[in-house]
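Asks: Start from the sequences, fold in the hints, and give me the full structure.
Each chain, letter by letter, is given below.
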Amino acid sequence: MEENNKAVIILFSGDMDKVFAAFTIATGAAAAGMDTTLFCTFWGLKAIQKGNLTGTGLMGKMMGVMNRGGLKRLNPSRFSFGGAGRIMFTKMMNDKGVSPLSDLLKTMNELGVHLLGCKMSMDVMEIKREDLIDEVEDVVGVATFIKEAADSKIQLFI
Amino acid sequence: MEENNKAVIILFSGDMDKVFAAFTIATGAAAAGMDTTLFCTFWGLKAIQKGNLTGTGLMGKMMGVMNRGGLKRLNPSRFSFGGAGRIMFTKMMNDKGVSPLSDLLKTMNELGVHLLGCKMSMDVMEIKREDLIDEVEDVVGVATFIKEAADSKIQLFI
Amino acid sequence: MEENNKAVIILFSGDMDKVFAAFTIATGAAAAGMDTTLFCTFWGLKAIQKGNLTGTGLMGKMMGVMNRGGLKRLNPSRFSFGGAGRIMFTKMMNDKGVSPLSDLLKTMNELGVHLLGCKMSMDVMEIKREDLIDEVEDVVGVATFIKEAADSKIQLFI
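Protein chains in written order, with the working numbering: chain A, 276 to 433; chain B, 276 to 433; chain C, 276 to 433.
I should point out that these hints are in silico values taken from the structure, not numbers from a laboratory. Some hints could be false.
Listed next, the stretches of chain B that the computed footprint assigns to chain A, with coverage defined by at least 3 CB atoms under 8 Å from CB atoms of chain A [unchecked claim]:
1) 284-297
2) 301-311
3) 369-382
4) 418-432
A partial selection of chain C residues facing chain B, derived with a Cβ cut-off under 7 Å [to be verified]:
5) 296
6) 299
7) 304
8) 307
9) 348
10) 368
11) 375
12) 376
13) 379
14) 428
15) 431
16) 433
All C-beta atoms in this analysis are idealised placements derived from N, C-alpha and C, irrespective of residue type, glycine included.
Replies: Here it is, written out as structure tokens:
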């Protein structure tokens, strides 16, 4: 079976710099005409969360506070400095004319990148469909991810 | 040369959450009928170690204490809290009916996932074949990994 | 379109152990006759920097100091101990006859591995072409990376 012109990126990390890499690669792949999917799981869910507090049980709520989602709350994997790193990186990217994450999200949407949430990690972390941004196409399990990945030319775990 | 229906996952990380992702993807790929290989290297060796103390020389023994293997000793990449994070995640997964790592390991075994250890990192860290669990099929070098990966539909570095 | 006998590794991390994994896999793929590309971005640029201080603006210079490049300055992702981890790992690898990073770099060069720098992250971090080692073949954007990755048998994000 020949592979289709697809790219599948699994975004596991919620670090600002890795989310930026994932968004940039997804945008690039879609711009090159590839049918592109960004499958967000675990910490990577933060990138497609609205940013409201989440969780129903005690631990889910604790997790929701400690690990609050939303693009504006992401911190870089290095030089975090309690939030200062985020401001520094944002300013450096801005100074060089690099699109911020919110713009990349819009571009991905315009280019038809499929945003998917991982059902199992959402269950574990008590994140609901309505906690995710509207651009998310679907919430799926690992079987769907495997099917897409096996049929794609590019698969990356970020 | 056409690619075969194979999936190759290189598990480099020893973080509980990443090991969980690797085990879940490997299980999913095998359940979908793919010939699946999990190649464990560096910190990822912890996931297939028995958990005994390892090392022969001074530094190897130090490493064996600081980086002791075994599924029950893995800590999440975030919110480690000196072991409390492990208990919290395990409880959250358990509450939601998600299989623990030890069950996923059994399932992988039943589905015929090939567990491989990386010879070079085992040499460096002074981990012996008998320090690995019995389910491990073989200890191989990077050449074997490359051969399998080049012949597979899915390759992920976790 | 059939995929060519290519391997593309995106090196995002600047951690010593991950750079070691990337160099080892790239060397292995090239030794197996694959046309191999190592695309270095973000922290991964450190692996192909000369090691001089970089940056032109205030923040770029701060980044240049905090995140100084060069193979000899890389620290492992775990057990860093303010530089002691680097010495420990280097000694352990040396004791076991494993090639140091500088030797792997030479081997990659001899085997024709293409070393590429990511234009966008170099712009953001104010790293110039002349801050990179001479072995680097080109500085390219994400579009080039996508094109190569889509045409390759192995794609890994490290």
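Asks: If you check each hint against the structure, which ones fail?
Replies: Those not satisfied are hints 9, 11, 12, 13.
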